[in-house]
Structures are given as structure tokens and as C-alpha cells.
Amino acid sequence: MPDAAMLRDSTEILLPASALEDVRDDLEERFTLTFFTEQRWCRIIGSPVEIKAASEFLARNGVTVQ
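Note that this note's numbering has the sequence shown beginning at 1, numbered continuously upward.
Worth flagging that the hints you see were computed from the coordinates, not collected in a lab.
Glycine included, each C-beta is placed from N, C-alpha and C at the ideal position.
Incorrect hints may appear among the rest.
In silico DMTMM-like pairs for lysine to aspartate or glutamate, Cα to Cα no more than 25 Å straight-line [as the list claims (entries may be wrong)]: (1) K52 with D22; (2) K52 with E21; (3) K52 with D25; (4) K52 with D26; (5) K52 with E12; (6) K52 with E38; (7) K52 with E28.
Distance windows between CB atoms, simulated [claimed, not checked]: (8) Q39 with R60: 26 to 32 Å; (9) F35 with A59: 15 to 21 Å; (10) S10 with T64: 23 to 29 Å; (11) F36 with Q66: 14 to 20 Å; (12) E29 with G62: 25 to 31 Å; (13) T64 with F31: 17 to 23 Å; (14) G62 with E28: 15 to 21 Å; (15) A17 with A59: 23 to 29 Å; (16) K52 with R24: 14 to 20 Å; (17) F35 with T64: 16 to 22 Å; (18) F35 with Q66: 15 to 21 Å.
Could you put the whole structure together from the sequences, leaning on the hints where they help?
So, in C-alpha cells, the structure goes:
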């Protein structure tokens with residue numbers, strides 16, 4: 001059985017909300033994602049394929065994803 005943390009890592013990205021200021025609109029247009037903003041953090045949730053593509057997009061646009 002897969003580890004829950006491993007599954008979560010492949011289906012979500014957690015970033016400071018300020019990191020998305022310049023790219024959030026593009027993310028919403030290009031990918032099928034759900035955004036939850038909690039205080040200063042933004043949780044981006046999607047399928048593993050969408051999260052991988054969104055991570056690559058963010059990296060190309062200078063947003064560090066861990």
C-alpha cells in the first residue's frame with residue numbers, strides 16, 4: 001500500500017501565497033487545479049499529471065517548488 005505522504009506529494013503543492021502573485025492566473029488558465037488559500041499559504045491540488053506539469057511551469061517561471 002502506498003504511503004499517504006508520497007501520494008500527497010504527487011497531488012499537491014504548498015507555497016507561500018505571495019510566490020504565486022505573478023503566475024496564478026496563468027496556472028488557472030493552463031492547468032486543472034484547485035487552489036486553497038489559508039492565511040499566507042496556498043495549497044494547489046490536482047492530479048499527479050497536472051501537479052507535475054504545474055511544478056515544471058512554476059520552476060520555469062522562477063518559483064521554487066520543493
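Now the hints, each set against the structure:
Distance check on the hinted pair: K52 and D22 sit about 19 Å apart at the alpha-carbon level, within 25 Å; holds. Simply put, K52 and E21 have alpha-carbon atoms about 20 Å apart, close enough for the 25 Å limit, and the pair holds. About 18 Å separates the Cα atoms of K52 and D25, which keeps this hinted pair within 25 Å; it holds. Distance check on the hinted pair: K52 and D26 sit about 15 Å apart at the alpha-carbon level, within 25 Å; holds.
For the proposed pair K52 and E12, the alpha carbon gap of about 9 Å is at most 25 Å, so the pair holds. Between K52 and E38, the direct Cα distance comes to roughly 22 Å. Compliance with the 25 Å bound is thereby established for this hinted pair. For the proposed pair K52 and E28, the alpha carbon gap of about 15 Å is at most 25 Å, so the pair holds. Between Q39 and R60 the Cβ separation comes to about 27 Å, which falls inside the hinted range of 26 to 32 Å.
Our hint of 15 to 21 Å for F35 and A59 holds, since their Cβ atoms are close to 18 Å apart. In this structure, S10 and T64 break the distance hint of 23 to 29 Å, their C-beta atoms being roughly 18 Å apart. Restraint check, F36 to Q66: a C-beta distance of roughly 18 Å satisfies the suggested window 14 to 20 Å. Between E29 and G62 the beta carbons are some 18 Å apart, a value that contradicts the proposed interval 25 to 31 Å.
Between T64 and F31 the beta carbons are some 18 Å apart, a value that agrees with the proposed interval 17 to 23 Å. Taking the beta carbon of each, G62 and E28 are about 18 Å apart, inside 15 to 21 Å as hinted. Range check, A17 to A59: Cβ separation about 18 Å, and the 23 to 29 Å hint is violated. Distance hint check for K52 and R24: the Cβ-Cβ separation is about 18 Å, which falls inside the suggested range of 14 to 20 Å.
Checked against the hint of 16 to 22 Å, the pair F35 and T64 passes, with Cβ atoms roughly 18 Å apart. Between F35 and Q66, the C-beta spacing of about 18 Å keeps the proposed range 15 to 21 Å intact.
Of the numbered hints stated above, those contradicted by the structure are hints 10, 12 and 15, listed in ascending order.
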